[in-house]
Amino acid sequence: MKHVQTLNNANLKNSAKHGGCGECQTSCQSACKTSCTVANQKCEQAN
Amino acid sequence: MIHKYKQLGLNIVMDVYSGAVHVVDDVMFDMLDYILEPFMPESECPEYIKEGLKDEYSAEEIEESYAEICALVSAGQLFTDDCYADIATNWNKQSVVKALCLHVAHDCNLRCKYCFADTGEFHGGRSLMSAEVGKKAIDFVINNSGSRRNIEIDYFGGEPLMNFEVVKEITEYAKEQGKLHDKNFRFTITTNGILLNDDIMDYINENMSNVVLSIDGTKETNDKVRYRVDGSGSYDTIVPKFQKIAESRNQDNYYVRGTFTAYNVDFAKDVIHLADLGFKQTSVEPVVAPESEDYALTEAHVEKVCAEYDKLTDEYVKRYDEGRGFNFFHFMVDLDQGPCAIKRLSGCGAGHEYLAVTPEGDIYPCHQFVGNTDFKMGNVSEGKIDENIKNHFERSNVYTKEKCSNCFAKFYCSGGCSANAYNFNKDINKPYELACEFQKKRLECAIAIEAHKKLSK
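Keeping their order, the protein sequence lines are chains A and B. In terms of the working numbering, the first sequence is residues -12 to 34. In terms of the working numbering, the second sequence is residues 51 to 507.
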C-alpha cells in the first residue's frame, strides 16, 4: 500500500471468540487506583 | 467507527471495532472525511469525493487512495462492524474473585490534602487489620476463585507499612495456602515511603511483583499536598528511599505514582522531574475530587491539561529517540497483544472479580467504595458476598453505558471507573465525563507515541 501503513494485526474480533480466560491482572492493581485503563495490560496467553 | 487525528507529525486513523491503527498520508486522511458509514465500496472513487479533493490532489492519488481504503475494508481493518453488542447483551460472566485490595491500615502518617481515603480513616476511624482477618481474606479468595490460578493481593491503606508485620504474616500464609490449593499469588504494595527501610525493601523485593511508590513530582508540588501531621513535607525523606528501591528492582516492576491537581495543572514538569530523578516507571494521574475543593480539576482545566499531555508526549518521544526514554503509565498501550475483547468490555472487575477488604474484614466493591455502607458486600468471616451488589457490577460493561456508545476510546478504558461514575453521577453506568476527556486525550497521545516508535524502528 502506498498511502497507508497499518501498525498492528487487527485481532480484537478474534479475541472476542477465544478470550475471556480471566487470568490477566486486574487493571486497578497495577498503578492507577483512580481510573480505568485496560489497554496497557498484558494478555496472560500472549508469548 | 473510525477516529482520526494528527499528532507528532503523523496522520493517525483508529478503526474502533477491529483495533487496527493506521498511519495514512494526507490524501487518504482528507478522503476519509467524505466517507460515511456504512461504507459501500465502489469500483472507482465516487464523483463527489473526486470533486471535493481535486484542487489538492491528483486524479491518480485520489483513485489509489480510494482503492486502498476499499482494500482495508475488505481485510476487516477499516469501518469494521460492531460485533460485540451481542456478546454484551447475552452477558453471563459467571465471574470469580481473583483480586483483593487489603486495607491493612486505615491509618496514615501523612495528611495528603486530596486523600480520597479521608487521610487514612476512610470515614470510619483509624484501625489496623489483624493477621487473623488477613488470613481469612486469603481463605475467602481461595474459596471464591474457582479454577482461576493467578490471584492478586494488593496491600493498601492508609499506609500499609504502618502494619508491616501483619503484611508479612498474611503474605507467608498466602504462599503456604497457594501451594496447597494450586494458586499463584502475586503481591503488590502501595506506600508513601515514610517508613521504608532496608529490611522492608528486602522483603518487598523478595515477595512483591509490583510496588507503587507515592510521590507527586517536584519538591514544591509534592510538599504542598503530601505532608505529615505537623505540616512538614515528605519529599526529602522519600526520594532517596524510592531511588534506592527502584534501582534494587532494576528499574522495573514498580511505579512512582503521583496525583496532579488544580495546584499543578502544569504537571508535565512534574513527570519530567520524576524521570530526571532516574525513575523509569512513572504514573501521574488527575485528582478525582468534588468541584467544591479548591484543588479539584474541572471543565475549566481541560484545555490546559490536554496541552500538558501534548507537551509531555513531545518530551517523551524526544527522550525515547535519544535512548533515555522512560515509561509513563497512561501512555503505555499494547497494540499487538493487549487484552482480549472480553476484558476490554468488562473493565477492572470491581464488585465481582476485584474486591476491597477493610481492617475489620468488611468487603466492598473496590477501595474507592470503602466506607460507603450502601455498598458493603459482606465480611470475610462469612465467606460469601451480597449477590445483588455483585450482579449489579458484573452486568455493567461498555454496552450498558450509553455515553460510551459513540466514543472511540471505549475499548481502551472499558467505560471508565465505576467508583468515579457513582460518586459524580450516582450510577456506575454513567461515566464521569471529566475523566473521559482526559482519557481520550491520553489515548491519542499513547497511540501516536506507539506509532512513532514502530515507524522509527
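The reader is advised that the hints may include incorrect statements.
Pairs of lysine to aspartate or glutamate, EDC-like flavour, derived with a Cα cap of 16 Å [unchecked claim]:
| id | chain 1 | residue 1 | chain 2 | residue 2 |
| --- | --- | --- | --- | --- |
| 1 | A | 0 | B | 132 |
| 2 | A | -11 | B | 113 |
| 3 | B | 294 | A | 10 |
Simulated restraints, written as ranges between beta carbons of each label pair [stated by the list, open to error]:
| id | chain 1 | residue 1 | chain 2 | residue 2 | range |
| --- | --- | --- | --- | --- | --- |
| 4 | A | 10 | B | 279 | 16 to 22 Å |
| 5 | B | 92 | A | -12 | 15 to 21 Å |
| 6 | A | -12 | B | 480 | 16 to 22 Å |
| 7 | B | 96 | A | -12 | 18 to 24 Å |
| 8 | A | -12 | B | 90 | 31 to 37 Å |
| 9 | A | 10 | B | 60 | 53 to 59 Å |
FYI, nobody ran anything at the bench for these hints, they're computed from the structure. We put the CB at the ideal spot given by N, CA and C, even for glycine.
Right, here's what the structure says about each hint:
| no. | hint | verdict |
| --- | --- | --- |
| 1 | A:0 with B:132 | 9 Å, holds |
| 2 | A:-11 with B:113 | 12 Å, holds |
| 3 | B:294 with A:10 | 32 Å, violated |
| 4 | A:10 with B:279: 16 to 22 Å | 42 Å, violated |
| 5 | B:92 with A:-12: 15 to 21 Å | 19 Å, holds |
| 6 | A:-12 with B:480: 16 to 22 Å | 41 Å, violated |
| 7 | B:96 with A:-12: 18 to 24 Å | 20 Å, holds |
| 8 | A:-12 with B:90: 31 to 37 Å | 21 Å, violated |
| 9 | A:10 with B:60: 53 to 59 Å | 35 Å, violated |
In this structure, the earlier hints numbered 3, 4, 6, 8, 9 are contradicted, and the remaining ones agree with it.
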